Amino acid sequence: MSGRSVYLDYAATTYVKPEVLQEMLPYFNVNFGNPSSLYSISSVTQRAIDRSRERVAGAINAEREEIYFTGCGSEADNWALKGVAFANRRRGNHIITTKIEHHAILHACEFLESNGFEVTYLPVDQYGFVDPDELERAINERTILVSVMFANNEIGTIEPIREIGAICRNRKILFHTDAVQAVGHVPVDVKDMNIDLLSLAAHKFYGPKGVGALYIKKGIKIDNLIHGGGQERGKRAGTENVAGIVGLGKAIELAVSEMELENLRLSGLRDRLITGLMKIPHSRLNGPKGFSRLPGNVNVCLRFIEGESIILLLDSMGVCASSGSACTSGSLDPSHVLLAIGLPHEIVHGSLRLTMGSGTTDEDVDYVLEVLPGIVDRLREMSPLWKEYLREEIKV
Amino acid sequence: MSGRSVYLDYAATTYVKPEVLQEMLPYFNVNFGNPSSLYSISSVTQRAIDRSRERVAGAINAEREEIYFTGCGSEADNWALKGVAFANRRRGNHIITTKIEHHAILHACEFLESNGFEVTYLPVDQYGFVDPDELERAINERTILVSVMFANNEIGTIEPIREIGAICRNRKILFHTDAVQAVGHVPVDVKDMNIDLLSLAAHKFYGPKGVGALYIKKGIKIDNLIHGGGQERGKRAGTENVAGIVGLGKAIELAVSEMELENLRLSGLRDRLITGLMKIPHSRLNGPKGFSRLPGNVNVCLRFIEGESIILLLDSMGVCASSGSACTSGSLDPSHVLLAIGLPHEIVHGSLRLTMGSGTTDEDVDYVLEVLPGIVDRLREMSPLWKEYLREEIKV
Amino acid sequence: MMYSEKVMDHFMHPRNVGEIPDANGIGEVGNPVCGDIMKIYLKVEENIVKDVKFNTFGCGSAIASSSMATELIKGRTLEDAWTLTNKAVAEALDGLPPIKMHCSVLAEEAVHKAINDYRVSAGLQLWDYKEHDDIHAQVHGN
Amino acid sequence: MMYSEKVMDHFMHPRNVGEIPDANGIGEVGNPVCGDIMKIYLKVEENIVKDVKFNTFGCGSAIASSSMATELIKGRTLEDAWTLTNKAVAEALDGLPPIKMHCSVLAEEAVHKAINDYRVSAGLQLWDYKEHDDIHAQVHGN
Ligand SMILES: Cc1ncc(COP(=O)(O)O)c(C=O)c1O
Ligand SMILES: Cc1ncc(COP(=O)(O)O)c(C=O)c1O
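Protein chains in written order, with numbering that gives the first Met the number 0: chain A, 0 to 395; chain B, 0 to 395; chain C, 0 to 141; chain D, 0 to 141.
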C-alpha cells in the first residue's frame with residue numbers, strides 16, 4: 000500500500016465538513032430536547048429545525064413548509080413514489096420513469112408494479128439523456144406521476160429537467176425528480192423547473208449520512224410512508240434527527256454558496272482527467288461531455304478487464320474509486336445504466352467511476368493518470384480476452 | 000425563570016452520553032467511507048457497523064444477522080407491521096394489537112385497515128395491562144401478526160411479553176413488540192420471550208436521534224419498507240448512518256451494563272416521587288406500582304386543572320415535564336392511553352408525566368415536590384371546576 | 000409549539016382572575032371533556048363593563064385568551080364589548096398557534112354569553128351571535 | 000465486501016499467470032457477458048501436472064481463485080488434481096464472500112475441463128464431472 004491517499008468516490012459519499020460538524024455538535028448533548036415538547040428548552044431545537052428547513056428551501060427555491068426531512072435519500076425516493084401512487088390511485092395507475100434511475104426508484108417501482116401499478120421505463124440515448132418527446136408520447140390518461148432523475152449517479156448525465164417539468168405541468172401530471180446527485184452541485188430551482196417533488200440526501204454534499212429531505216409542492220396529495228406521531232406536520236413520523244437536520248441545513252447552504260467557483264474548478268479537473276484517460280488504448284468515456292455532465296463525474300470503460308480488479312489495484316495504490324453506484328458494488332449485476340446506454344455486457348464489466356469533490360487536487364489527477372495505465376496493463380496481461388484481441392480473434 | 004434546570008422528560012428523549020458521542024465522532028470526517036464500497040478504507044465503516052450489530056444483538060439476545068438498522072423507532076414499527084402484513088397476506092389479513100400502543104403502531108394499523116387488513120385493538124385493565132387470555136381469544140384463523148408494546152411510554156406499564164410470546168409461538172403467529180421504551184432500561188431477551196420482531200430507538204437510551212433498529216428473527220417473511228440499494232442485506236436501502244449506528248451500538252452496550260444498578264436507583268427515586276405526589280389532594284397515580292412499572296416513569300393526574308398549564312408553569316420553574324407522549328403534545332387529543340385505562344376525559348386532561356434518567360438526582364425529586372403543590376394550587380385557584388368542587392357541585 | 004411572549008405574559012400573570020360575587024352577567028362555555036372551560040363574570044353598570052373577572056380550566060392559551068378578553072372589554076360599553084372577536088383576542092396576544100385558535104373563540108363566546116346573560120336579567124333583548132361551530136368541530140372532531 | 004488476506008495476496012501476487020505455448024490440456028470456462036473468463040493451461044507429463052498457468056478476466060476473487068487452483072494442482076497426479084473442489088479452493092483462500100463463491104466453482108470447472116482436454120488429446124477416456132449449475136444460476140440469474 001502506497002503512502003498516498005486519493006479519495007475519488009465523492010458520488011458515493013462525502014466527509015462531513017468541519018463547519019458542518021461544528022454546527023451539529025451542540026444538538027447531541029446540550030440542545031437535546033425533543034422538538035415536539037412543550038417546555039422552553041425545546042424551542043431551541045424547534046428553531047434549529049425551522050432554520051434548516053429555510054436553508055433547504057432557499058437552496059432549491061421552495062417554500063419552507065414544502066420541505067420534509069427524512070432518514071435518507073432512499074426514503075425520500077420511496078416516499079415520493081409510493082406516497083403519490085397510493086394517494087392518487089383513483090386518478091390512475093400509470094407511472095413513467097427511466098431505465099437509468101437509482102435502485103431506490105427502480106425497486107420502489109417494482110413494488111408498485113406488484114401492487115397494481117403500471118410503470119413505463121423510458122430508454123435513454125447513448126449519453127444517457129431522456130428524450131422529452133418520447134416521455135410525452137408515453138403519457139396516457141392513466142398516468143399520475145413522472146419520475147426522472149436530475150443527474151445520473153454513475154455517468155453524470157444531467158437530464159433536461161426543465162423541459163420535462165414543463166411537459167408534466169402542461170399535461171397536469173405530477174413530476175418527481177431524484178436530485179440526490181444534483182443538489183449542492185448544480186443549480187436546482189423547483190419553481191422555474193416545474194418540479195412537484197424532489198429528493199435529496201445530505202451525505203452527497205458534505206453533510207452527515209442518515210438524513211435527507213423530500214420537497215413536496217404545496218397541495219400535492221401524498222400518503223405517509225412512516226406513520227405515527229405528528230412530526231413534520233403530520234407527514235413523516237419519528238423523533239427528528241435534530242443534529243442531522245442541522246448538518247443538512249448548514250451543508251446545503253455552504254454547497255450552494257460555493258457552487259459556482261467549485262464547479263469551474265471541478266469541471267477543469269474532470270476534463271483533464273478524461274483527456275488523460277482517453278489516452279489509454281481501448282478506453283471509452285461513458286456519459287456526455289461539457290455542461291450536461293456533473294462537474295465532478297468521470298466514468299470510463301476499459302476493455303478486456305474487469306472493474307472490481309481495477310478498483311482493488313487502485314486501492315492498493317491509495318486511490319478510492321468505484322465501479323458503479325456504491326450501494327450495488329457488493330452485487331454481481333452489471334450496471335443497468337451502462338447497459339441502458341447501449342454497451343454490451345463485456346464492456347460494461349470493465350467500468351470505472353472516478354468522482355471528484357472538495358478535497359480533489361491537480362496532483363490527485365496526475366497521480367491517477369500516472370498509476371492507472373500500469374494497472375490496466377497488468378490486468379490485460381492476465382486477461383484471456385486481451386490475448387485473443389492481440390491474436391486478432393476479437394475485433395474492436 | 001428560576002436558575003435551576005431539572006430535566007424530567009427522559010422518555011421523550013435523552014441527551015447523548017459523552018462516551019457515545021466520542022465513539023461517533025471519527026465516523027463523520029475521518030472514517031467516512033461508504034460501507035458498501037470496495038476499497039479498503041470502507042472496511043473500517045463496515046466493521047464499525049458489524050460491531051454495532053453485534054452489540055445490539057448481544058443486548059437483546061439475538062443473532063447479529065437478525066438486526067437491521069433504521070432511521071428511527073417509528074420506521075422500525077412501520078416496517079414491522081406493514082412489511083409482515085403485506086408479505087403474509089396470503090396467509091391471512093388479521094392483526095392484533097392494543098389500544099395503548101404508540102401512534103407509530105396505531106397509525107400504521109389504520110393504514111393497513113384502509114388497505115384490506117382487519118385489526119383488533121385489545122383493551123387493557125386499569126393499570127394498562129393486556130390480558131394474555133383475552134389476546135388468545137382474539138386470535139382467529141386469519142391472524143398473522145400480534146403487536147404488543149413491551150412497555151408503555153406514558154404510564155410505564157411493562158406488559159406480560161413472555162406470556163404473549165408463548166401464546167403466539169404456540170399458535171404459530173408472528174409476534175412483534177415495540178420495545179422503544181424498554182430496551183436499555185429493563186431486561187429484554189428475544190429468545191426467552193419468543194419475540195419474532197422488536198423495534199428500538201437509540202435516543203431513548205443516551206444514543207443519537209435518527210437511528211433505530213428492527214430485530215427480525217431469521218426466516219421471517221417481511222417486505223421492505225424502503226426499497227433500493229443492497230444495504231442491510233437487501234432489506235433496508237439507504238446509505239448507512241454510520242456515526243448514528245456506532246452511537247446506537249455504544250449506547251446500548253453502556254445501558255445494558257449499567258441497567259441493574261441504575262434501575263435500583265431510579266425506582267427508588269420514582270417511588271419517592273410518587274409518594275410525594277400522592278400527598279397533593281385529588282391526585283392519582285396512572286399505571287402500576289413496583290416491578291411492572293418502568294423504573295424511571297411517573298404519571299399522575301391532578302384533578303380540576305389541565306396538563307399543558309401545569310407543564311408551562313413547571314417550565315417557568317426550570318422543570319421539563321410532559322403531559323403524555325412528546326410526539327403528540329402539539330395536539331389537542333387527550334391521551335388515548337389514559338382513556339384506555341378507563342379515566343374520564345376531564346381527568347385525563349390533567350395528566351403529568353415525569354420521567355427520570357441518568358442525570359436525575361434526589362435533589363431533583365425534592366425540588367419537584369417543593370414547587371408542584373404551589374403550581375397546582377395556583378391553577379386550581381383559577382379553575383371553575385375547582386370552585387364547583389369547593390361548592391360541592393362536583394363529587395369526587 | 001411556541002407561544003408568543005404576550006401569551007406567556009398573560010398566562011404567567013393573568014389579569015382579572017377570580018369571581019365577582021355580585022356579578023350581573025355570567026357566561027360559561029366549553030366543557031371538561033374537551034379540556035377547556037371558561038367562565039366570565041361581568042359587573043355592568045350604566046351600560047358599561049365596570050368589572051370583569053374570569054375562571055378558566057384549560058391550557059396556556061385558554062388562560063391567556065381569557066385574560067386578554069377581559070382586558071379588552073373592561074370599561075367598555077356593552078355595544079363595544081359585543082364587537083369583541085376571537086381574531087381581536089388572538090391579535091392582541093400577538094397570535095396563537097393554529098391548533099390553539101379555538102381558545103380565542105371560546106373567549107369571544109364566553110364574553111357574548113355573559114353579555115346576553117346580563118341583558119336577560121336586565122330585561123333587555125338578546126343580541127344574536129353566530130357560534131363558531133366550524134372551529135369547534137375542526138378542533139375537537141365534534 | 001471484504002476479502003481475506005489470502006485472497007488479497009493471491010490477487011495482488013497471482014501465481015502461475017500466463018500461457019503455456021506447448022500446453023497439452025486447456026480448459027476455458029465462463030464468458031464475457033457474466034464478467035468472468037478463466038483459461039487454464041496444463042503441461043502433463045507421465046500423469047503428473049508438470050506445469051500449469053492461467054489467464055483470467057474477472058474480479059479479485061476470480062483471479063485469486065485461479066491462482067490458488069493452479070497452486071493446488073501443480074505437481075500432482077491427474078487423479079489427485081481431479082479431486083480438486085471449489086470448496087477446497089475457497090478454503091485454501093480462507094473463505095470467499097458468499098456472493099463470490101461462484102469464482103471458486105469456475106476454477107474447479109476450468110481445471111476439470113483442462114484435464115479432460117488433455118485426456119482427449121492423449122486418447123484417454125473422459126472423466127465425468129457434475130457441473131455446478133445451481134451456483135451458476137443462483138449467481139448469474141441464468
Ligand atoms: C413506545 C414508543 N414507540 C415508538 C416511538 C417512536 O420512536 P421515534 O420517535 O424514535 O420514531 C416512541 C418514542 O417516541 C415510543 O415511546
Ligand atoms: C441518484 C441517487 N438516488 C438515491 C440515492 C440514495 O441515497 P441514500 O443512499 O442516501 O439513501 C443515491 C445515493 O446513493 C443516488 O445517487
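Don't take each hint at face value.
Unchecked claim - Keeping only pairs whose Cα atoms sit at most 27 Å apart, straight-line, the calculated DSSO-like set for lysine-lysine is:
id, chain 1, residue 1, chain 2, residue 2
1, B, K386, A, K234
2, A, K386, D, K112
3, C, K86, A, K217
4, A, K386, D, K73
5, B, K386, C, K52
What the hints assert, rightly or not - Which stretches of chain B does chain A cover? Using the computed rule of at least three CB atoms under 8 Å from a CB of chain A, they are:
id, region
6, 25-32
7, 67-74
8, 127-140
9, 228-239
Unchecked claim - Sample of chain A residues with no beta-carbon within 12 Å of chain B, all distances over it, derived:
id, residue
10, P186
11, G229
12, Y388
These are computed hints drawn from the structure, not numbers from a lab. Only a predicted model underlies this, so the values are computations on that prediction, with no experimental measurement involved. From the three backbone atoms N, C-alpha and C, an ideal C-beta is built for every residue, glycine too.
Quick rundown of the hints versus the structure:
The hinted pair formed by K386(B) and K234(A) fails the criterion: a straight-line CA distance of about 42 Å is larger than 27 Å. At roughly 20 Å between alpha-carbon atoms, K386(A) and K112(D) fall within 27 Å of each other, so this suggested pair holds. With a C-alpha separation of about 26 Å, the suggested pairing of K86(C) with K217(A) holds against the 27 Å cut-off. At roughly 23 Å between alpha-carbon atoms, K386(A) and K73(D) fall within 27 Å of each other, so this suggested pair holds.
Using a Cα cut-off of 27 Å, the hinted pair K386(B) and K52(C) holds, with the two alpha carbons roughly 14 Å apart. Against chain A, the region 25-32 of chain B contributes 5 residues with a C-beta closer than 8 Å to a partner C-beta. That satisfies the three-residue criterion, and the hint holds. For the region 67-74 of chain B, the assignment as covered by chain A holds, since 6 residues bring a beta-carbon within under 8 Å of that chain's beta-carbons and 3 suffice. Coverage of a stretch by a chain is defined here by at least three residues with a beta carbon nearer than 8 Å to that chain's beta carbons; for the region 127-140 of chain B and chain A the count is 0, and the condition is violated.
Coverage of the region 228-239 of chain B by chain A holds. Counting CB-CB distances below 8 Å, 7 residues qualify, and the rule asks for three or more. The Cβ of P186(A) sits about 24 Å from the closest Cβ of chain B, beyond the 12 Å cut-off, so the non-interface label holds. Listed as a non-interface residue, G229(A) fails to keep its Cβ farther than 12 Å from every Cβ of chain B; the least gap is roughly 6 Å. For Y388(A), the non-interface assignment is confirmed: its Cβ lies about 26 Å from the closest Cβ of chain B, beyond the 12 Å cut-off.
Consistency with the previously given hints fails for numbers 1, 8, 11, ordered from lowest to highest.
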